[in-house]
Structures are given as C-alpha cells and as structure tokens.
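Participant: Sequences listed follow chains W and A, in order. The first sequence begins at 6 in the numbering used here and counts up by one. The second sequence begins at 424 in the numbering used here and counts up by one.
Think of the hints as simulated: they come from the structure by calculation, not from any bench. Given the structure is predicted, the values throughout are model-derived calculations rather than measurements. Backbone N, C-alpha and C define an ideal beta-carbon position, used for all residues, glycine too. Hints may be right or wrong, so weigh each one.
What the hints assert, rightly or not - Not close to chain A: a few residues of chain W, all C-beta gaps over 10 angstroms, as computed:
{"id": "1", "residue": "L28"}
{"id": "2", "residue": "G55"}
{"id": "3", "residue": "T68"}
{"id": "4", "residue": "L91"}
{"id": "5", "residue": "Y97"}
{"id": "6", "residue": "Q150"}
{"id": "7", "residue": "H209"}
{"id": "8", "residue": "V236"}
{"id": "9", "residue": "D249"}
{"id": "10", "residue": "T282"}
{"id": "11", "residue": "A449"}
{"id": "12", "residue": "I453"}
{"id": "13", "residue": "T476"}
What the hints assert, rightly or not - Partial list, derived from the structure: chain W residues whose beta carbon lies under 8 angstroms from chain A:
{"id": "14", "residue": "P290"}
{"id": "15", "residue": "V291"}
{"id": "16", "residue": "T461"}
To be verified - Here are the computed distance ranges between Cβ atoms for each label pair:
{"id": "17", "chain 1": "A", "residue 1": "V738", "chain 2": "W", "residue 2": "I144", "range": "28 to 34 angstroms"}
{"id": "18", "chain 1": "W", "residue 1": "V118", "chain 2": "A", "residue 2": "Q638", "range": "39 to 45 angstroms"}
{"id": "19", "chain 1": "W", "residue 1": "L84", "chain 2": "A", "residue 2": "T565", "range": "32 to 38 angstroms"}
{"id": "20", "chain 1": "A", "residue 1": "A651", "chain 2": "W", "residue 2": "G29", "range": "33 to 39 angstroms"}
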Amino acid sequence: MSATDFTTHADPMDRQVSAPGGLGPIGWLRWMWRRLISMRTALVLLLLLGLAAIPGSLLPQRTSDSVAVSNYFTEHRELAPWLDRLGLFDVYGSPWFAAIYLLLFISLVGCVVPRIGVHYRTWRAGPPEPPRRRSDDPIVTGDSQVLLDTAETTLRAARWRVRRDGAHVAAEKGYLRETGNEVFHVALLGLLLAIGWGAVTGWHGNVVVRENTGFSNSVSQYDQFTAGRFVDEEAISPFTVRLDSFDVEFDRDPVQMGTPRLFDARVSVTSDGEQNTEFLSVNSPVKVADAKVYLIGHGYAPRLRITDSDGTVVFEDSVVFTQEDANYTSAGVIKAPDATPQLGFRGLFAPTAAISEEAGPHSTFPGPDNPVLFLSAFAGDLGLDDGVPQSVFTLDETDMEQLGLQSLAPGDDWELPGGQTVEFLGFDRWISVKVGHDEGGFWALLAIVIAVAGMTASLFIRRRRLWVVATDDGVSVAAVQRGRSASVVDRDELLRALR
Amino acid sequence: MILTQASPGSAAQVAEFSNTMTYATMLVLVVAMIAFAASFAARRTQSIDLRQREPALVGGDTVTAAPLPTGTADAGPDPDPDEPGRRAGNIALSLSWLAFTMLFVAVVARGVWAGRVPWGNMYEFSLTSALAILGVYLGVSTRRDVRWLGIFVIPLVLLTLGLAITVLYTETQQLVPALDSYWLVIHVSMAIVCGGAFLIAGTTAALYLIANRAQRPAGGPLSKLVCAVGRRLPEPERLDRLSYRIVAFAFPVWTFAIVAGAIWAESAWGRYWGWDPKETWAFITWVIFAGYLHAQSTAGWKGRKASWLAIIGLVAYIFNYFGVNLLFTGLHSYGGV
Ligand code: HEM
Numbered sequence: 006m007s008a009t010d011f012t013t014h015a016d017p018m019d020r021q022v023s024a025p026g027g028l029g030p031i032g033w034l035r036w037m038w039r040r041l042i043s044m045r046t047a048l049v050l051l052l053l054l055g056l057a058a059i060p061g062s063l064l065p066q067r068t069s070d071s072v073a074v075s076n077y078f079t080e081h082r083e084l085a086p087w088l089d090r091l092g093l094f095d096v097y098g099s100p101w102f103a104a105i106y107l108l109l110f111i112s113l114v115g116c117v118v119p120r121i122g123v124h125y126r127t128w129r130a131g132p133p134e135p136p137r138r139r140s141d142d143p144i145v146t147g148d149s150q151v152l153l154d155t156a157e158t159t160l161r162a163a164r165w166r167v168r169r170d171g172a173h174v175a176a177e178k179g180y181l182r183e184t185g186n187e188v189f190h191v192a193l194l195g196l197l198l199a200i201g202w203g204a205v206t207g208w209h210g211n212v213v214v215r216e217n218t219g220f221s222n223s224v225s226q227y228d229q230f231t232a233g234r235f236v237d238e239e240a241i242s243p244f245t246v247r248l249d250s251f252d253v254e255f256d257r258d259p260v261q262m263g264t265p266r267l268f269d270a271r272v273s274v275t276s277d278g279e280q281n282t283e284f285l286s287v288n289s290p291v292k293v294a295d296a297k298v299y300l301i302g303h304g305y306a307p308r309l310r311i312t313d314s315d316g317t318v319v320f321e322d323s324v325v326f327t328q329e330d331a332n333y334t335s336a337g338v339i340k341a342p343d344a345t346p347q348l349g350f351r352g353l354f355a356p357t358a359a360i361s362e363e364a365g366p367h368s369t370f371p372g373p374d375n376p377v378l379f380l381s382a383f384a385g386d387l388g389l390d391d392g393v394p395q396s397v398f399t400l401d402e403t404d405m406e407q408l409g410l411q412s413l414a415p416g417d418d419w420e421l422p423g424g425q426t427v428e429f430l431g432f433d434r435w436i437s438v439k440v441g442h443d444e445g446g447f448w449a450l451l452a453i454v455i456a457v458a459g460m461t462a463s464l465f466i467r468r469r470r471l472w473v474v475a476t477d478d479g480v481s482v483a484a485v486q487r488g489r490s491a492s493v494v495d496r497d498e499l500l501r502a503l504r
Numbered sequence: 424m425i426l427t428q429a430s431p432g433s434a435a436q437v438a439e440f441s442n443t444m445t446y447a448t449m450l451v452l453v454v455a456m457i458a459f460a461a462s463f464a465a466r467r468t469q470s471i472d473l474r475q476r477e478p479a480l481v482g483g484d485t486v487t488a489a490p491l492p493t494g495t496a497d498a499g500p501d502p503d504p505d506e507p508g509r510r511a512g513n514i515a516l517s518l519s520w521l522a523f524t525m526l527f528v529a530v531v532a533r534g535v536w537a538g539r540v541p542w543g544n545m546y547e548f549s550l551t552s553a554l555a556i557l558g559v560y561l562g563v564s565t566r567r568d569v570r571w572l573g574i575f576v577i578p579l580v581l582l583t584l585g586l587a588i589t590v591l592y593t594e595t596q597q598l599v600p601a602l603d604s605y606w607l608v609i610h611v612s613m614a615i616v617c618g619g620a621f622l623i624a625g626t627t628a629a630l631y632l633i634a635n636r637a638q639r640p641a642g643g644p645l646s647k648l649v650c651a652v653g654r655r656l657p658e659p660e661r662l663d664r665l666s667y668r669i670v671a672f673a674f675p676v677w678t679f680a681i682v683a684g685a686i687w688a689e690s691a692w693g694r695y696w697g698w699d700p701k702e703t704w705a706f707i708t709w710v711i712f713a714g715y716l717h718a719q720s721t722a723g724w725k726g727r728k729a730s731w732l733a734i735i736g737l738v739a740y741i742f743n744y745f746g747v748n749l750l751f752t753g754l755h756s757y758g759g760v
C-alpha cells in the first residue's frame, strides 16, 4: 500500500490493554473498565448471549408454556428443581441472562460514546496531512499548481471533503461509515430502552368468551392479567366486547385433515358509548381504545339443562371444555350446586365421536360432524362451602358417589337414579382472546429501522483518503482506504481526470 | 394473499408441470456440477513454496505492504484469461443460469397451482431456498469470478432439491390461517434469501480454512486432500473478503426478516417476541453473525476464528430451518411435512 494503512488499529477501543502494575484500586477499576469496553469483550459477550439463549429453546419455559413446565417437573423429579434454581425454566427473565445483556450494553455505551467524540473531532479536523510520500505512488507530470487545482475541483465535484494548501490536496470521503456504525449501536440501545418502556407501561389479559357472552376490560374479568410497574390497573380504558358468533372451518383434504382454514369471530365492541361490529380473526386483531384484541384459541362449550326430581331447573348453561387433542376431544366439569343432592359431572366432548379400545371415546375430526357428550355423574357434596377456592375445571369427588356413565347426542336426556335429569341441548363455541396494551412496539420498530439504516451505511460506505502532492515536475497521487479491501478505483479515476 | 385459484382440472397439470420442471432442473444441475468439477480439477495449483519464499526474496527490504493492485481489486477479475478449465467453467455457469431459470418457472408454477405465494410448507420452502442459493451464487458471479465456487455450491443446491422432493414433498394447497398474511411474504422471502447468502458465505468461510491449511505442507491422507483442494482455490484473503461481503449484504436483510417476523407474530399471536424456539434460533443466528462482523475488526479474531463464526452461524440457521420445525413444538411448527 502506498500510504499508511489505517484499518482497525485506528479504533481507540481496540488497543491492547495491559494489566496495571501496582496502580491501586483506581487503577484496577480503570483497567477493568478498559477491558469491559474492548472489542474483544464485546465479541465474547455477544457470543455468550447467543449461547445463553439456547437452553430456553430446549427446556419448556414458564412464560410460554407453564403446563409443559409442570409436566417436566413430574417427569424429572430429581432434576427439575435444580434446573429451576438455575432459572432454566425462565431463561430470558433470569438474572444471568440479564447480566450478559446488561454488561453488553454497558460495554456498548463505553465503547461508542468515546468513539462519537473521536469521530466528531476527526470530522471537524478534515482530511489529514499527506503521509510520507513513497516512491511507488503514480506520478502525473505537468504544472503542479494546475494539476492541484484540477484535483481539487474534481474531488469537490465528487463530494469529497477537501483541504488544499500550496503543496498538496488532501481529500477524504465516507465519514458516514463511522456515523452509521455509531447510529446503529446507539439505536440498539434505543431498542433495549423501548422494550423496557413497553414492559413497564404495558398490560395484557386473557379471557375465554362463549358465543353470546362478553367481557368488559377490567382486571377482575380476566382469567389472567399481567401489568407493568407503571400501570394503574384501576384506570385501564373501559370497554366491552361481546362475541356474537364464531365461524371456523377445517380442512377435509386427506393430507392435512383437520387443519384449521378459517376462523372468524363476529364481535360487538362498545367503547365510549359507541357500539360497533367487528370481525376478529387470526392475523387481524381488533383495535379498541388504546388496546388490541387478539384471537388466540377456540373450543367447544356443551350446553346442558339439569332438572331436579321435582321438576325445577337447577342448571341451564353452556360450559367451557378445554381442548385435549388436535381433533378437539375436549374435557370439562359441570357442577350443579343447587340440585338436591348436589350433582357434579366429568365430561368429555367429541365433535366427531368415535370409540376405540386404546383411546376410549375420542374425536376424529375437529368439526362437529357427530357431536357426542360422554358424561360421568356424581352425587353428594361438591365441597364448595369449605371456603377452599376450587377451579371450575376440577371436581372434588371425596364426598361424592359415582352414579354412572352415559353418552349423549344433542337432544338426548339421561335420567339419573335419583330422578334428576340431564339434557344435552347442544353446544356453543368459545374463543380465548388476549387483550393487550403496548407502548413499546412503535418505539422498538423505530429504533430498529434507524439501526438497520445505520448498519447499512456502516457496511456499504467505504472510508477513503486521497492525497495529491506537488513534486518537482508534477504531482504524485496516494490513496488509502479504510476498510477491508484496498480499492484504488478512486485514485485511478482521479488519475484519469488529471492525465 | 390468496390469489385467484386455478380450476381443479388444470390445477393438477400445473402441479405436475412444476414437479417435472424441478426434476429437469436437477438434471441440468448434475451436468453443471460435472462441468464445474472438470473446471476445478483443471485449475492451476498454487505453489506454496513460492509464496512462502517470497518475503525471503525481498530480503532485508523493509517493504511489507502488498503491491498495489491495479483496477478494482474487489471485483477480482480473473488475472489469467488462459486459466485452464475456463471453458468448462463457462459452460457450467451457463448451465447454472439455465437451471436457475427452470427452477424459477417451477416455483412460479407451484405458486400458481396453490393460488398463493409458494412457501406455505417445508417442501415449497426448500424449493424456493434452492432457488435462492443458486440466485445468490449467480448474483455473486456477475460481480466476481467465482467459477471455482460452483463445484461446492451446486451439490448443496441438489441436496436441497433432493430433500425437498423425497422427504418433504406435500400436496397441500392451503395455508393455515396464521400463515395467511402479507408479513409472511416479506418475512419468509427475506429469510430464504438470507439462507442462500449464509450458505454461500459459510461455504466460502470453510474454503478459507481449507485454503489457509493448504499453505502448509500436507501430512496425512486427509490433509493431502485438503491441500489438493486448497491449492486450487483463490488466495485465502480473497475468500475471506468474499464471505465478509456476502454476510454484510445478508445481515441487514436478516435483521429485517426478523423484524417482519415479529410484526407478523404480533398480529397472529398478540406479542412481538415470545422466545418461541424458532424466534430464539433466529436470534442466535443473528447474534452469531453480528459476532462475525465484529470479529472482522477485532484483533486476533480475523481470519480463522471469524470463519468459524460464519460456519457456526450457518449451522444455527440450518438448525432453525430443519431442527426446530421437526424437533420442537412451538407456534412455528406449521411445517406440514
Ligand atoms: C448489542 C450488541 C452489539 C451488536 C449486535 C453489534 C453489532 C455490530 C455490527 C453488526 C457491526 C458491523 C458494522 C460494521 O462492520 O461496520 C458492528 C461494528 C462495530 N461494533 Fe458492534 N455490536 C454490539 C455491541 C458492541 C459493543 C459493546 C462494542 C464496543 C465494545 C461495539 C463496537 C463496535 C465497533 C467498534 C464496530 C465497528 C467495526 C468497524 O469499524 O469495522 N459493538 N457491531
């Protein structure tokens, strides 16, 4: 190369950091800080972050599938508690994962902030003096002042930063490379802040809604509700959502039999005293006030009527059954505390019923081609008055006696030994929705767009320097390029202009 | 995204046409591979002795800098137009263009048949990936002389196509509703292009390691083979620069692919990012390639270590593509194998 190559050692953060010899605690701190903000540490932390993310993809995570986590606990009694202690069931919320990315970002700040200063000063200073000239630089003969003038105009026209004095023209281009690099790293920091902001100001809740029922947006109505630190749970915007109807279609093509092809939920949304009908489906959430409503799942809710032996109706409603397999074999529990004696049922609902040796009653297709409800009845004390809260999905049989089993098609009824009757009226569908408020997403997206713009500038713009130096009988032209390859296109172009 | 659906009778013909085109593409590629192999075998081997003696020839001179290249060093035009194997290489390259065109037609036909973008399941995804690998290779070949690379790339394209039509083939036409989105088109097309680029970059990085090793004398039989291959490759520095340029192109695209995926996830599942296995591995791939780019400016990491990072990044990408679809049950396990 014809002049000093100024590739990476110009990076102020990449110098060799030697251990301090007896500098005392301050010296050590400074040394550690230098270490932390070195490129090598950044690289190691980056790779460590990738490595640390792996276990979260191999083990079930509480944040995404808490049921799988409890299953893992029952299957691996010995191992699971240890893994749990290491935070391996919540990797991305664990202290060690946070430690890695926080260190990375501290390193980033320590690395990039000084670079911004350096870059600003370099930019202000303009192109540097020509390096010690070397014999192999190409020479253009002629009147050196005329040649210097031509070089200056040519370079300025090509938008180089040019400094001219009597004996030389110094030119530099591609400052945006470094600017882009700094913008990119700062934007990454912005991304982290946006995600953090979203976490403290956001909230989301999950709720199951049957056809012709609804919910209002308040914490008590959600089955599950999570809110950030800065959220006033009393003050989330009031609105109601009601499910008018729900259509779902499944593929009957033998190859992907039963794969859902269409979900369409028609909902009535009331917000600010205004009522609107909206269509909610996968991939198209509905916006209400400052929140969005997403369709997450769906299922069947068999409808029953239970009549006491004296003819009074003690129960008439649809009950949410949860999906057990891909064909929507669904399980649930029905409780009739007003019956005498109290009645409880375990139910299995199969939209397209079949019975086999191994699987027992189950469904062979997710659509309701042949809906059957399999019931197991219990009479006695449901245990609801014990004061111990009970899940709607479990039946406490301790004080109950089993009465028998029965399968029912829609419209069928079943008379129990005590004279009570159960009628299977049909079914409603239910959907589970997620309602969420998120302020971080927009800012995160903005940060990423800026980051990618900066990164692209940093990866594609090349930093170049040219010097045209007067000699006895003309000028010599030297080129250097910061970056990876020694392209001398610019120099050759300039040479052509001068010759 | 659902385009107009072809009528069922002609539809079967279109699907069959697509499959025939795929088989024909493979045939052309096999011929191209043979021509590439002939071209590669004929290449002049680089004499290591000369290269190692070079500093000694300069003697006590303090000149350590490389001589100034003339013209665009980056574009790396073949310095030697009489390079042996050039003709075979040109034939192979032309055949690769033909194969690319044919495969493109096959992919479009598949899309017409399905009435949507042709990447709804792993079969179609692989078909399009093969197209992307070929496309990236040919794209690079328009800017640089990479006929020496063909013999390494074409078998990978053939492998991808072979896996697609044997193991992954499916007749499904429709998309599960979660996949029916604009963001799918953006996200998946970007991811596929990145896959092609990462594969080529990873291959060149591996070749860098081989060429680097070949600069030392061969020992055992394996290293004899490595040296025989390595001495027919361009100088290690050129290989290193090539993988860097390709990763530099792919990394921003990969970033956008992930972002598009996050936006899609938000509308489908109500969250941008949930550390689903697919998302996690996309992140891991991203971090490794960010590490690769860093390594290029980190003392002691350039060259060999950086090349290993490019290879590991590629492995992470491939694992995400096959491993996660087949091994994990996440929201992304739509594979439809
Ligand atoms: C959040 C983690 C980080 C990511 C994802 C990241 C990513 C990147 C990427 C993709 C590049 C390539 C751009 C180019 O080649 O010009 C780059 C360059 C660079 N990064 Fe980072 N970085 C991170 C953290 C850091 C940290 C902590 C430091 C400081 C210790 C740092 C210092 C640098 C420097 C100096 C360059 C420029 C290298 C050059 O000029 O070629 N980065 N970074």
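Participant: Confirm or reject each hint.
Facilitator: Structure-based check of all given hints:
1. L28: holds (23 angstroms)
2. G55: Check fails; 4 angstroms does not lie beyond 10 angstroms.
3. T68: Violated, since 7 angstroms does not exceed 10 angstroms.
4. L91: holds (17 angstroms)
5. Y97: At about 5 angstroms from chain A, Y97(W) fails to clear the 10 angstroms cut-off, so the statement is violated.
6. Q150: holds (26 angstroms)
7. H209: violated (7 angstroms)
8. V236: holds (17 angstroms)
9. D249: D249(W) clear of chain A: closest Cβ-Cβ about 20 angstroms, beyond 10 angstroms.
10. T282: Given a closest Cβ separation of 20 angstroms, the condition holds.
11. A449: Not fine: 7 angstroms to the nearest Cβ puts A449(W) too close to chain A.
12. I453: Its Cβ does come within 10 angstroms of chain A, the nearest being 5 angstroms, so this is violated.
13. T476: Since the minimum Cβ distance to chain A is about 18 angstroms, T476(W) lies beyond 10 angstroms and the statement holds.
14. P290: Holds: closest Cβ of chain A sits about 6 angstroms from P290(W), inside 8 angstroms.
15. V291: violated (11 angstroms)
16. T461: holds (5 angstroms)
17. V738(A) x I144(W): 28 to 34 angstroms: violated (51 angstroms)
18. V118(W) x Q638(A): 39 to 45 angstroms: Roughly 41 angstroms apart at Cβ, these two residues keep to the hinted range, so it holds.
19. L84(W) x T565(A): 32 to 38 angstroms: Given a distance of about 55 angstroms, which is not inside 32 to 38 angstroms, the answer is violated.
20. A651(A) x G29(W): 33 to 39 angstroms: Since A651(A) and G29(W) have Cβ atoms about 59 angstroms apart, the given range 33 to 39 angstroms is violated.
Checked against the numbered hints above, the structure violates hints 2, 3, 5, 7, 11, 12, 15, 17, 19 and 20; every other hint is satisfied.
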